[in-house]
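Chains as they are written, first to last, in the numbering used here: chain R, -19 to 308; chain F, 694 to 1061; chain L, 11 to 368; chain C, 1450 to 1784.
Among the hints, a few may not be true.
[Claimed, not checked] Here are the simulated lysine-lysine pairs, BS3-like style, with alpha carbons at most 25 Å apart: (1) K(-13)/R - K50/R; (2) K219/R - K843/F; (3) K828/F - K50/R; (4) K843/F - K50/R; (5) K(-13)/R - K843/F; (6) K828/F - K843/F.
[As the list claims (entries may be wrong)] Heads up, incomplete: computed chain F residues facing chain R, CB under 10 Å, no partners named: (7) L804; (8) Q848; (9) S1002.
[What the hints assert, rightly or not] Under 7 Å between C-beta atoms, here's a sample of chain C residues computed to sit facing chain R: (10) V1604; (11) I1605; (12) I1608; (13) T1609; (14) A1614; (15) V1619; (16) F1643; (17) V1645; (18) A1720; (19) F1723; (20) V1764.
It should be emphasised that the hints constitute simulated quantities derived from the structure, not laboratory data. Source: prediction; values computed, not measured. Just so it is clear, CB atoms sit at the ideal spot from N, CA and C, and this is done for glycine as well.
Take a look at the letters that make up each chain.
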Amino acid sequence: MARFLIKRLFSATLTLFAVSVLTFLMFFALPRDPVTGMCPKNCNPERLERVRDELGLNDPLVAQYAGYMKGIVTGRDLGSAQGGHCDAPCLGWSYVTNEAVSDTIARVLPVTLSIVIPAAVLWLLLGVGLGMISALRRGTWLDRLAIGFSLTGASLQLYFVGAVLLIVFVYNLRLLPVPSYTSIFDNPVKWASGLVLAWVSLAFLFSAIYARLSRAQMLETLSEDFVRTARAKGLAKPKVYGRHALRAAITPVVTIAGLDVGGALGGTVITETTFGIQGLGRTAVDAVRSGDLPTIMATVLIAAVFVVLANVLVDLLYAAIDPRVRLR
Amino acid sequence: MDRPESAPSGQPGDRPSVPEQRANGDPYLRVRDLRVRFDTTDGVVRAVDGVSFAVERGRTLGIVGESGSGKSVTSLAVLGLHDARRATITGEIFLGGRQLVGLPEEEVRQLRGRDMAMIFQDPLSALHPYYTVGKQIAEAYRVHHPRAGKREARQRAVDMLGRVGIPQPARRFDQHPHEFSGGMRQRAMIAMALVNDPDLLIADEPTTALDVTVQAQILDLLADLQAEFHSAIIMITHDLGVVSQVADDVLVMYGGRAVEHGSVEQVLRRPQHPYTWGLLSSVPSLHGDADADLVPIRGNPPSLINLPSGCAFHPRCRYADRNGDRSRTEVPALSPTGEAGHLVACHLAAEERVRLYREEIAHVGVAR
Amino acid sequence: MSASQVDEAREAGSTAEAEPLLRVRGLSKHFPVRSGLRGRHLVRAVDGLDFDVRPGQTLGLVGESGCGKTTTGRMLVRLLEPTSGSIEFDGRDITHAGRRELRPLRQDLQIIFQDPYASLNPRHTVGRIIAMPLQVNGIKPPGGVKARVRELLETVGLNPEHYNRYPHEFSGGQRQRIGIARALALRPKLVVADEPVSALDVSIQAQVINLLRDLQRDLGLAFVFIAHDLAVVRHFCQRVAVMYLGKVVEIGDRADIYERPQHPYTRALLSAIPDVTKLGPAGRIRLAGDVPTPLDPPSGCRFRTRCWKARDICATEEPALVPRDGGRQATACHFPESGPVGAETGGPVDVTVEEVSK
Amino acid sequence: MSLSPVEGVALAEIESGGDAGAPERRDVLGRSPGQLAWRRLRADRTAMVSGVMLIVFLVLALAAPLIEMAYGIGPREQFQNLLDGFGMPLGYAGGVTGEHWFGLEPGLGRDIFIRLIYGLRTSLFIAFAAAVITATIGVVLGTLAGYLGGWLDAVINWITDLTLAMPFLVIALALTPTLVLRFYGEREQVSSAFGVGVLIGVFAIFGWTSTARLVRGQVIALREREFVEAARASGAGLGHMLFRQLLPNIWAPILVSFSLAVPQFITSEAALSFIGVGLSDETPSFGRMIYRSLDYLQTDPAYVFFPGITIFALVFAFNLFGDALRDALDPKSSR
């Protein structure tokens, strides 16, 4: 177990390192000079050069990268134009927003969490529930309805669903306010009403996928010998399905859910754009548009961290569910 | 069609181990004219087509057949494990005097695991991989003893594990199936089946997945437990050797129908159906002339979706021509032979069968 | 003296016997297995086998699961790389021969598999399946590939017109015949048959055994016949080697093994086979427990944990495979039995299963 | 055929004896698994309906210039005269008339119908091209990793993990303008072919992982199958093993994954256009239209509706067909 964790964390670190290097290289090749973005009109060449020097953009690439990584681990001193000392984890200074990137992240990360976590709960409950029911009632109208639902959901686009929901609930019926983010600690009702459309549309699309997946898993499990054994013991159907079949069927669903949630935490770009909510994804998009290198780096890295951590967690979870899996 | 109205009984003195059953003679399980039909996309499949048999407490019925003979379908029908939406079951299944066909699912469920239990071929896939062996056994106990506490169920499960020959049962209780060896898993499976002391135990190829030395242990164990618990056992197998070792009565199935039925002595020593002859003469044996050719049955086992007309065995039968077209057109009824309790479904005349066996079969195969 | 020496001695005695076609010496296969925190571990799946197969001879390799018989078969046709020891075929050492060096020998050395469903490529026609060895080796038989395939189909008792059919259109027994035809395509001298009948229905088993016997007789094929069923082996093999946990515990001619087995394990195996000719409970030898895992085999004699004759020496000293009575039968046991099955000395000892499953 | 828990056994018992007597009566030419799958597909009503839908879409896309001729309006023509003073189309439902079937875009006043037809062309081309490229990469890498194993497998696996750890949308978003600026100057007009090419390239970099994993798994499963060992025992070389023994047995899952990848790329293209990268406004595309339409949610909902429904219908047809294909190729899959 300990050995597994060490090995797994080592390979995760390696992956993250590779991601950071790749992103760094990719965005270093970004032709737009970040300094040009900082002073739009009245910059003379000398001033530009001075700022560039201050930012370390004239240093060799390796030195820049090393400085950046050092900042994350130990913090580092940035020029006075960038707010002086920057504590670990220092993600640099954004020339565009004029704030420390870590502050930006701290501001937008809760937004994305607020979108993803309730949505994930919703889509798992809905998707798995629907899949199970449809597997148990295979061939009935209920099953057909669920299949239709999941096929439709899998074929719909989030921005389209979002748009329709906005038209109906916000603009026409005026049941909900225009989507926005309020901290749950400030006003839980506003928090929920501002995000509920995002949850519903995300959950609708994802639950379609999960319904299909869990239906297939459940059907496969139902044909397993141990389910027959459970019935031969005289267990009532709810127990056979709930305790014996469900636990085995849910395992692969959990795996995929872990990875999906991990991916979504890195930024729900489309959702945030559709509903105009400034989360991690939207921040990343804005950063790319304005050539805000430190913010791009930070968002990409955070997204990668979520994916990699989700991978490790899923492995652990799998071992917790299935006693046959030995971590080593 | 002739039906065995009384339980086919072995010759007196066949098995002296079960004396009192012979006296009261009321079989615990009596199946009459059982038919199981599946409607598939390829047409109607008559997986079991009019099978009758009976088993008394303390006795063992061996059901023999190849793949597709309907032997497993029969046993699942007895337990009521077929999906009612897909399988149509007709006929009579009397368990301890109660007709199971048509009984509400809930009532059948109450009987499953308590009055009748089953062990399966592959214990690794038949046990739930995520739960400990002990938990699964305790669960089987608690279903039918709702008032039993956790501790009582655990104690009962540990006792059963010990009874089936698993050492250190208290420690083994908390292990998962994958931590058991193949033979131990089958023992655990047996412990689970017997935890409620059922009167009927159905064993579906319980030793096929096991090594031969372990198979011997398991067969011994079943015999011991039967002597102790006095349950009726149905042993489903393709292996005539296993049947000869454990069965009191034998039912030979082919293409979903019973072709021969009688005491083990009658079926294996004085068989009257050409299919049984074929099985016996094609089994490799440890005795006799090793250099002589085996005498196989020609052709292949039939598909239940496309069963030959008339006698299902006729395309493979060496004697089918002796009855003109009858073999092809008419399904032979399971009729009594000269001996009490011995039934055969064959168009050949009884005297001819006896003669054929003596002259052509008895000197080859197992009897040689 | 080892089993090979027995064979050599025999050879010296009767010059009429041909050179062995297959000569196996000290053949071993160890698989690395990672286990727990202790790191790597070796499974000695096959541990020092010696045996010979003469042209036209049939050798049966018998044993329970985990005895290494299948691994041995795969090594003989070089699907697995032996860890140590040597395999000599037709006078040439093929232990570590590469694909190119093996090419001329492939024609002489073929394998038949157990599972009639997995052993045929479902996407190929029967004709293509049977012609595959010809095609792979660039062989153009006189009269053409198609004629050869038809001939092979006929040889194994299938309709030659079925050339263009696909495997799924055949039953298990017929598929096994196709697998046999494929093995025969190159006119081999030696065929390794890995449990060729154990997946088949009883009535079909006999058909295939008879077919293999006919082929062996008509084509003068030598066989290494791998099986767990001693009764099947008895009907096919002239010589039999009994394996237990990666080792040969007894080897001898058919009559010796079946009528005068000397190793307690051979006796237990024979005794455990349910016999149709006897009604009621079978033989009196009952081994306790399962076969121990090859991950951690018992010290000394590997059979000792289940053996009723085990003494202290069995735990400390591994018995060598030595011939008895100067004959052709060799046994690896400190306390060999004699006489027919059922006349064992000493009763079966209750070996606790815990000891075994460790 | 789907099996319930218990009938699984029973029917397995029934089927195992299958075909026994039958071959004697059938014609001598056998039916290949592919032919059988085709017959199953033909018998599946859903497959046929969705297949016809796809063919219609395909024909529409291929015949876009012909349709333009018949319709008489080009994708870049503007009808400012049909817009009101705020740039909104006159008339009902976004200006739907006999002349402009799906109405006009607000602002620019272009015809929505013909832009949808051309958008379909763009989307299908990009999706098919990307699916072909990613399938090829996936099959090659997956086969190598699965068959050869060892360090190569480890490396390919790690690259797969790495690719999956990169946030696709953000990277794609950043990469596209970078590439454009590398090949074109700051103010140059970017050709639409280049934009399409970049998009396909981005998909190729990120889209191969699932096929690679699928193929790797399949190959590993097949590698130990006895028919593969039989070929190896006969001395078959790598080429024979891969192309004669392995690949013919995995084309079915590859085909299914291909058929399900195409709609994914259609959606991804739309998504990228939606967040403002990918194609320029010059090239008609679904995502672009929806992106623009969001500004008019309140004022001109019909503008969202037409592209949204079209893209849904297209993806829906692909998904239906992909599912049916899976069932036809693998009749035992649970459905």
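Hints versus structure:
1. K(-13)/R - K50/R: 24 Å, holds
2. K219/R - K843/F: 17 Å, holds
3. K828/F - K50/R: With a Cα-Cα distance of about 53 Å, the restraint between K828/F and K50/R is violated, given a limit of 25 Å.
4. K843/F - K50/R: 57 Å, violated
5. K(-13)/R - K843/F: Since the Cα atoms of K(-13)/R and K843/F sit roughly 40 Å apart, the hinted pair is violated (cutoff 25 Å).
6. K828/F - K843/F: 10 Å, holds
7. L804: Holds: closest Cβ of chain R sits about 7 Å from L804/F, inside 10 Å.
8. Q848: Hint violated; Q848/F Cβ to chain R Cβ min 18 Å, cut 10 Å.
9. S1002: 33 Å, violated
10. V1604: This hint is violated: V1604/C lies away from chain R, its Cβ roughly 12 Å from the closest one there, beyond 7 Å.
11. I1605: Not OK, violated: I1605/C not within 7 Å of chain R, min 14 Å.
12. I1608: Violated. Min distance 9 Å.
13. T1609: 11 Å, violated
14. A1614: 4 Å, holds
15. V1619: 4 Å, holds
16. F1643: 16 Å, violated
17. V1645: 20 Å, violated
18. A1720: Check passed: Cβ of A1720/C comes within 6 Å of chain R, closer than 7 Å.
19. F1723: 5 Å, holds
20. V1764: Holds: closest Cβ of chain R sits about 4 Å from V1764/C, inside 7 Å.
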